[in-house]
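Novice: Below, each chain spelled out in residue letters.
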Amino acid sequence: MLKWITLAPLVGAVINGLFGKRLGERLVGLVACGSVAVSAALAFAAFFTRLLPLPEGERRITEHFFTWIAVGNFRADFAYLLDPLSGVYVLFVTGVGLLIHVYATGYMHGDPGFYRFFAYLNLFMFMMLTLVLADNLLLLFVGWEGVGLCSYLLIGYYIRRQEAGDAAKKAFITNRVGDFGYMIGMFLAFTAFGTISFVAKEGLPSLLAQAAERPVEAFGAFGVLTGIALLLFVGATGKSAQIPLYVWLPDAMAGPTPVSALIHAATMVTAGVYLVVRCSAIFVKSPTAMFVVAVIGAVTAIFAATIGLAQNDIKKVLAYSTVSQLGYMFLACGVGAFTAAIFHVMTHAFFKALLFLGSGSVIHGMHEEQDMRRMGGLRKYMPITFATMAAGWLAICGIPVFSGFFSKDEILWRTWATTAVPWGKALWAVGAVTALLTAVYMTRLMVMTFWGRERFGHDDHGHGGHGGHGGHGHQAQPHESPPSMWMPLAVLAVLSFAGGFVGVPPALSSLVGVHAPNHFEHFLEPAVAHVAAAHGEAARVPTGVSVVYPTGQSFSGVPAEEHHDVGTERLFTVISVVVALLGIGLGWLLFTRQPVRPMPTLLENKYYVDEIYDGAIINPIEQGSRHILWQVVDVRIIDGVVNGVAQLFASLAGTLRLLQTGFARGYAAMILAGAIVVIGYFAWR
Amino acid sequence: MIPLSWYLALSAVLFTIGVVGVIIQRNVIAQFMCIELMLNAVNLTFVAFSRYLGNTTGQLFVFIVLAVAAAEAAVGLAIIICLFRNRETLNVDEADLLKL
Amino acid sequence: MQILFLLFAALAVVAAFNVILQRNPLYSAIGLIGTLISVAALFLTLAAPFIAAVQIIVYAGAIVVLFVFVIMLLNVRAEESRADEQKYLRWLAAPLFLALLAEVFLAVRYVGDAPPPLPAVRAADAPRQWLGSVETIGTDMFTTYVLPFEAVSVLILMAIIGAMLLAKRDPQFGRRRAPAEPAAAAGRAEEVGAGARR
Numbered sequence: 005m006l007k008w009i010t011l012a013p014l015v016g017a018v019i020n021g022l023f024g025k026r027l028g029e030r031l032v033g034l035v036a037c038g039s040v041a042v043s044a045a046l047a048f049a050a051f052f053t054r055l056l057p058l059p060e061g062e063r064r065i066t067e068h069f070f071t072w073i074a075v076g077n078f079r080a081d082f083a084y085l086l087d088p089l090s091g092v093y094v095l096f097v098t099g100v101g102l103l104i105h106v107y108a109t110g111y112m113h114g115d116p117g118f119y120r121f122f123a124y125l126n127l128f129m130f131m132m133l134t135l136v137l138a139d140n141l142l143l144l145f146v147g148w149e150g151v152g153l154c155s156y157l158l159i160g161y162y163i164r165r166q167e168a169g170d171a172a173k174k175a176f177i178t179n180r181v182g183d184f185g186y187m188i189g190m191f192l193a194f195t196a197f198g199t200i201s202f203v204a205k206e207g208l209p210s211l212l213a214q215a216a217e218r219p220v221e222a223f224g225a226f227g228v229l230t231g232i233a234l235l236l237f238v239g240a241t242g243k244s245a246q247i248p249l250y251v252w253l254p255d256a257m258a259g260p261t262p263v264s265a266l267i268h269a270a271t272m273v274t275a276g277v278y279l280v281v282r283c284s285a286i287f288v289k290s291p292t293a294m295f296v297v298a299v300i301g302a303v304t305a306i307f308a309a310t311i312g313l314a315q316n317d318i319k320k321v322l323a324y325s326t327v328s329q330l331g332y333m334f335l336a337c338g339v340g341a342f343t344a345a346i347f348h349v350m351t352h353a354f355f356k357a358l359l360f361l362g363s364g365s366v367i368h369g370m371h372e373e374q375d376m377r378r379m380g381g382l383r384k385y386m387p388i389t390f391a392t393m394a395a396g397w398l399a400i401c402g403i404p405v406f407s408g409f410f411s412k413d414e415i416l417w418r419t420w421a422t423t424a425v426p427w428g429k430a431l432w433a434v435g436a437v438t439a440l441l442t443a444v445y446m447t448r449l450m451v452m453t454f455w456g457r458e459r460f461g462h463d464d465h466g467h468g469g470h471g472g473h474g475g476h477g478h479q480a481q482p483h484e485s486p487p488s489m490w491m492p493l494a495v496l497a498v499l500s501f502a503g504g505f506v507g508v509p510p511a512l513s514s515l516v517g518v519h520a521p522n523h524f525e526h527f528l529e530p531a532v533a534h535v536a537a538a539h540g541e542a543a544r545v546p547t548g549v550s551v552v553y554p555t556g557q558s559f560s561g562v563p564a565e566e567h568h569d570v571g572t573e574r575l576f577t578v579i580s581v582v583v584a585l586l587g588i589g590l591g592w593l594l595f596t597r598q599p600v601r602p603m604p605t606l607l608e609n610k611y612y613v614d615e616i617y618d619g620a621i622i623n624p625i626e627q628g629s630r631h632i633l634w635q636v637v638d639v640r641i642i643d644g645v646v647n648g649v650a651q652l653f654a655s656l657a658g659t660l661r662l663l664q665t666g667f668a669r670g671y672a673a674m675i676l677a678g679a680i681v682v683i684g685y686f687a688w689r
Numbered sequence: 005m006i007p008l009s010w011y012l013a014l015s016a017v018l019f020t021i022g023v024v025g026v027i028i029q030r031n032v033i034a035q036f037m038c039i040e041l042m043l044n045a046v047n048l049t050f051v052a053f054s055r056y057l058g059n060t061t062g063q064l065f066v067f068i069v070l071a072v073a074a075a076e077a078a079v080g081l082a083i084i085i086c087l088f089r090n091r092e093t094l095n096v097d098e099a100d101l102l103k104l
Numbered sequence: 031m032q033i034l035f036l037l038f039a040a041l042a043v044v045a046a047f048n049v050i051l052q053r054n055p056l057y058s059a060i061g062l063i064g065t066l067i068s069v070a071a072l073f074l075t076l077a078a079p080f081i082a083a084v085q086i087i088v089y090a091g092a093i094v095v096l097f098v099f100v101i102m103l104l105n106v107r108a109e110e111s112r113a114d115e116q117k118y119l120r121w122l123a124a125p126l127f128l129a130l131l132a133e134v135f136l137a138v139r140y141v142g143d144a145p146p147p148l149p150a151v152r153a154a155d156a157p158r159q160w161l162g163s164v165e166t167i168g169t170d171m172f173t174t175y176v177l178p179f180e181a182v183s184v185l186i187l188m189a190i191i192g193a194m195l196l197a198k199r200d201p202q203f204g205r206r207r208a209p210a211e212p213a214a215a216a217g218r219a220e221e222v223g224a225g226a227r228r
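Chains as they are written, first to last, in our numbering: chain A, 5 to 689; chain B, 5 to 104; chain C, 31 to 228.
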C-alpha cells in the first residue's frame, strides 16, 4: 500500500505528460487532482488504520518494493518506512498538495502549457513522497534530486521568460552544491557504519541504531559522526535555503504561484529539516554539528527577516519569510527540539501555503500585478482572500490560538532552555528579535495590500507594462478569485487556525484545566533521538511506559529536560505574545500612515549577496573556464595533442615518402647499403 | 699455386665494381653491362671453387649461368628498346613513375 | 703462374673500372670485352678450358655483340650533360665500394688456400678425363645434370619469343592494343603504318 502513495501521482504525471495535450483542461485537472487525492486517501488510511493502532514504540511499517542495488556489502532498496515522522509528513504533503492542485486548476486556467504544468506537479509529488517514505539514504537522495529536478522544471515553467530560466538554473545549481555535501556525507556514513539504511537489514543494524551506540563526540572535535552530520547539513542548507545556499529561493518566485506555494513553502524546502530530524540519532552525538545547525538557523532567520522587510514584490516578501521560518526550524533542530521543528514544519506548511495562495489570488485579481506599491485597499474587492490571508498573517505572527503561535513559542522556549548547545540564551534573543521582525514585515505586507488608499491604476494613465509584472491597473477593477481558488484558501485558513491544537504543551493546556501531554510531541518522540538520553543521562518521571527507539535506546516518560518549572515556560509564552503584538503594532503604525515608505537600500538590495557571489565565485570561475580551461587546455593542449599526433604521422609519412624517389639507381644503392650491413654482421661473427 | 682466396678476392672486387657501376651509371645499357660484370665475377667464384673442391658442379653451373645471362640480356635489351621508343631517352632517371 | 694471374687480374679490374666510368656506352662495351677476355684467361689458369672457350664465344662473342647492336640501333650518343638529379650517389658510391670490399675481404680470410694437386694432363689411364675437360663436362651434363640442361633450353626459347614480341614494331599491333584512342590518332597511326609498309 505504501508504494501506491508514491506511485499514484507518478501515474498521473505519465498520463498528463503523454496525453495531456489531447485531453483538454478539465480532464487534465481531473487526472492530476485525482491522483493526488488517491495518494492522500491512501496516506490517511495508512496512517489512521495501520500506524496509529500500533502500540507506541512499535509504530513502524515497512514495505519492500524491489531490491535496487545489492552489491557486496552495499544495499539500497526501493523500500518504504512509515513511522511517526514520515507519517506526519505524508499527511500534510498529500493534504496540502491536494489543496494546491485544486487551486492550480483555477490559477493556471487558460495557460497553453496546462497539461505540462500538472505533469510536472504530479511528478513532484511522486518525488517528494519517495523522499519522505524512503527507508535509506540513497532512496531519499533519489527523491531529493527528483524534487530538485521538478523544482527546476516548474520554476522555469514560463519557458519564454529569460528570468524564469535563469532562476531555474540558479536553483538547480545551488542545490547541486548542497547535494555534493549530502553525497559525501552518505559515503562517509556507509564507510563508517556499513549501511545507509534506517531500518535493520540482513542482520546489520540500522545506521541510526549504530550511531546511537557511539559515544558523544566532544564539542569542537571533528569525529566521524560530526563529519557525517555536517555534510548532511550542507545538503540541507542547499535544499532548505539556509545561509550560504539560500540565494535561489527568492529568484524562484519567477515560477507560477502554486509552485511557490507547494514547493517553496510547504514541501520541498522542508526536506532538509526532514533529513536532519530523521538522522537526529547522528546529530545528537555531535554537539559541534548541533551548534552549527542552530547558529546557522538563527542567523538565517534574522538575516532573511531583515531583507524581507524591504521588499516590494509580494512574493519576494513571502520568499524571504520562508527562508526565515526555515531558519527557525533548523534552530529548533540545533537545540535538540526535533519534535518542535517538525511541528513548525507542519504549521508553516499550512499558513505559508495559505499566504502564497492568497498572494496568488491577489496577483490574479490584480491582473498579474505583483508590486505592493501599486496595491492598496483591496479589502473590499477581495473579501475572501483578505479574510483567509488574515488568518495566515495572524498565524505567522504567533498570535494565540493560531497554529503558528504554538509551534513558534515551543521553539523559542526550547531554545532558551536548551542543554544541548551553549549560548542558548543568545540564540533565544536572536529568535525573539526575528519574531518581532516577522510580525512587522507581515503586517507591512497586509497593510500595503489590503488597507489604505488604492494606489493602482487610477492615476497611472501613462504607465505601460513594467518589466514582466506590470499590469494595466485601470482597465478593470480587481476581482475576487473563482471558487476553485478560494476554497482551498478557506480550508487552509481553518488549518492555520486550528492546526496547532494537536501540539499544545502541558504548561498551557493545564491553564484551561486539561491535563494531557503534548500529543504531537508524544506521538513523534519514538522516532527522533533525544539529547539527554544520548548523553547517557538517566531518564526521569517514569510513567510506566517504556519506549524503545529505532535507535535501540529506551527511555521512559517525559524527557529529562522537562523537569523545568511550568512557570518559566508560561512566562516565556507571555513574552512571545508580547513580542508578536509589539511587532504588529509597530507595523501598523509605520505603514498605515505611509504605506510606501522607502526602506534602507542595503536591505532592499538583499545585502548585495548575489552580487558578492557573482564577483567572488561565479565570475572568476567563468573567466577561468573561458581563458584557461577552454582556450588553453582544450584548444591548445588537448586539441593540440590530438592534432599533433596526426600531424606527427603526416610528417613522418612525408619524410618516409622521400625514399620513394622513383629512381632505380637510388634503390640499388639502398639495397647495396642494406646488403653491406647484413654481410658486415656475419663478417664480424 | 695460387691460393683460393686470391680468386675470391678478385671476384669480390669485380662484383663490387659491377654493383657500384649500376649505381653510378645513368645510361641504362651501361647499367646492363655492369650487371653482366657482376655475373661474370660470380662465374669466376664458381669455377675457382669447382677447381679447388674437385667437383664439376661448379663449372656446370657456370654453363647454365652463361645461358641464362644470354637470355636475360636478350630480353632486357628488347625491353630497353621499347622504353626508348616511348621516351626517346636512355637516361634511367627519366623512368621515375614509381615516385610518390 | 702467379704472374699470369696477377696480370690478367689487373687487366680485368682496369677494364671493369673502364666499364663503369665511361660516358659513351660503346666505350663501356669495349671495357666489358676486356674484362670478359681477362676472366676467360683466368678460367684457363684454373684448368677449365671449356668454360673459357664458351665464355669467349657466348659472352664476348654474342652478348656483347648484341649490346653493340642495340647501341647502334638506338643511336646512342655520349651522355648529354644534363644535371644529375642524384648527385649524392656519386659521393655515396666510393664509401659503399670500400665497405663492401672490406667486408668481403674479412670473410675471405678464413678460406683455406692450398689447392689439391692437379692430375697430370696426360694421365696414362684416362687421357681426357680430368676435371674441366670437355669429355667430363659433357658426360656430367648429359647424365647428372640433364634436367637443368633441358630447362635452360626451354628458357632460351622463351627468351627468344619474348625478345621478338617486345621489340616488334608493328602498326597493326599498336592499333589493336589501343582501341580507345580517338579516331584522329588512329588515323595517324594508320598513315604511319601504311608509310612503313610502303
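Hint data in this document are derived by calculation from the structure and do not stem from the laboratory.
Check before you lean on any hint, since a few could be wrong.
To be verified - Here are some of the chain B residues that sit facing chain A, going by a computed Cβ distance under 7 Å:
(1) V23
(2) V26
(3) I83
(4) L87
(5) R89
(6) D100
(7) L102
Quick caveat, the model's predicted, so the values are computed rather than measured.
Every residue gets a Cβ at the ideal spot worked out from N, C-alpha and C, and that includes glycine.
Novice: None of the hints should be skipped; say for each whether it holds.
Specialist: Cross-check of the supplied hints:
1. V23: It holds, given that the least Cβ distance between V23 (chain B) and chain A is near 6 Å, below 7 Å.
2. V26: 5 Å, holds
3. I83: 13 Å, violated
4. L87: At 12 Å from the nearest chain A Cβ, L87 (chain B) fails the 7 Å test, so the hint is violated.
5. R89: This interface hint is violated because 19 Å lies over the 7 Å limit.
6. D100: Where the cut-off is 7 Å and the nearest Cβ of chain A is about 3 Å from D100 (chain B), the hint holds.
7. L102: Hint holds; L102 (chain B) Cβ to chain A Cβ min 4 Å, cut 7 Å.
Of the numbered hints stated above, those contradicted by the structure are hints 3, 4 and 5, listed in ascending order.
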